[in-house]
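Start from chain D and add chain F according to the hints.
Here are the chains, one letter per residue:
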Amino acid sequence: MALDGNAIGGMLLEIFATDMTSAEATCARCGAVRPVAEELVYLRGPGTVVRCRRCTSVLMVISRVRGLNCVDLSGMEALEVKAASD
Amino acid sequence: MTSPVSRGFHRRRGPAGAEAGKLPPGQHATTDFPVLSAGPTPHVPLTEWTFSIRRGGQALRSWTWPEIQGLPAETVTVDIHCVTRWSKLGTVWRGVPVRTLLDQVGYDAPHVLAFSDGGYTTNLPIGDVSDGRAWLAFDYDGQPLAPEHGGPARLLVPHLYFWKSAKWVRGLELLDRDQPGFWENYGYNNYGDPWREQRYAGD
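Listed in order, the protein sequences are those of chains D and F.
Okay, so the first sequence: first residue is 2 according to my numbering, each after it adds one.
Okay, so the second sequence: first residue is 1208 according to my numbering, each after it adds one.
Honestly, the hints are just simulated from the structure, not real lab data.
Idealized CB from N, CA, C, for every residue including glycine.
Just so you know, not all the hints are guaranteed correct.
[As the list claims (entries may be wrong)] Derived Cβ-Cβ restraints for the label pairs, each shown as a range:
(1) 1387(F) to 11(D): 24 to 32 Å
(2) 7(D) to 1291(F): 17 to 25 Å
(3) 72(D) to 1334(F): 28 to 36 Å
(4) 1254(F) to 85(D): 49 to 57 Å
(5) 11(D) to 1254(F): 40 to 48 Å
(6) 1276(F) to 84(D): 35 to 43 Å
(7) 84(D) to 1387(F): 18 to 26 Å
(8) 1251(F) to 55(D): 28 to 36 Å
(9) 1384(F) to 58(D): 24 to 32 Å
Pulled out of the complex, with its shape left as it was, chain D reads as follows:
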């Protein structure tokens, strides 16, 4: 069952050390732009898979291998993170 990106907000915070749910992901396949919070998330597998809500293409895969988080972002054309205020 798919959840949304809020379900991995804590995991992304641990990895990126900033809130990533508001980051805007651009799908490399269909070009849709959405906040990570709105993308489809499949948590119950060997790893975590984030898919484009429009075309279901894989945007991001996170696998935790022997305590290391491995993050693949190759399904995104861009991932825009708002800079913390100066």
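Then chain F, alone, in the frame of chain D:
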């Protein structure tokens, strides 16, 4: 009257009774059947469903759903082991041995890549699917395999971690050179033997 004094915590011992010897290291038994998916559940009408054995992207042979149903099927009772650490003992499946399908095309490749609706793939040595230990399974527990568990048909390779038992499988690509599948590309073991606890690359 129940004593208010806690008897304390006890270290959990290894599996006992019926589970003894059936659980690979690091696994626990479940009576549920957890649904694990890396994507949405596809719904392909059986009239459009085929299973193909391909080489170089070209189908050597394809079977329709009625053709698969017309082949000799086996009912098997097997234990399944998921890399997320649950095992389910004594599961009952019905399906056609993959060996039967391979024998109908003839094959000389050392590897296969199973491919599924939705784009999922997983790789296996040919010997692990051609020796009678792998099935194209379409019934579970006496009922048609539910879509969330991979129906109408999934690969069943119970001697390996369950990500190798591709849900919604649509065929096998014969390969001269091994090619990692979806989870194998993301750090999971290329072979996935639960008894050797081959969870991750290098295990």
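Here is what the structure says about each hint:
Between residue 1387(F) and residue 11(D) the beta carbon distance is about 29 Å. The supplied range of 24 to 32 Å therefore holds. A beta carbon spacing of about 22 Å between residue 7(D) and residue 1291(F) agrees with the range 17 to 25 Å that was offered as a hint. Remark: the range hint 28 to 36 Å for residue 72(D) to residue 1334(F) is upheld by a beta-carbon distance near 34 Å. Here the CB-CB span from residue 1254(F) to residue 85(D) is close to 55 Å, well matched to the stated 49 to 57 Å.
The hinted window of 40 to 48 Å between residue 11(D) and residue 1254(F) holds, with their beta carbons roughly 44 Å apart. For the pair residue 1276(F) and residue 84(D), the beta carbons lie near 59 Å from each other, so the given range of 35 to 43 Å is not met. With their beta carbons about 37 Å apart, residue 84(D) and residue 1387(F) fall outside the hinted range of 18 to 26 Å. Between residue 1251(F) and residue 55(D) the C-beta distance comes to about 21 Å, which lies outside the given range of 28 to 36 Å.
With their beta carbons about 26 Å apart, residue 1384(F) and residue 58(D) fall inside the hinted range of 24 to 32 Å.
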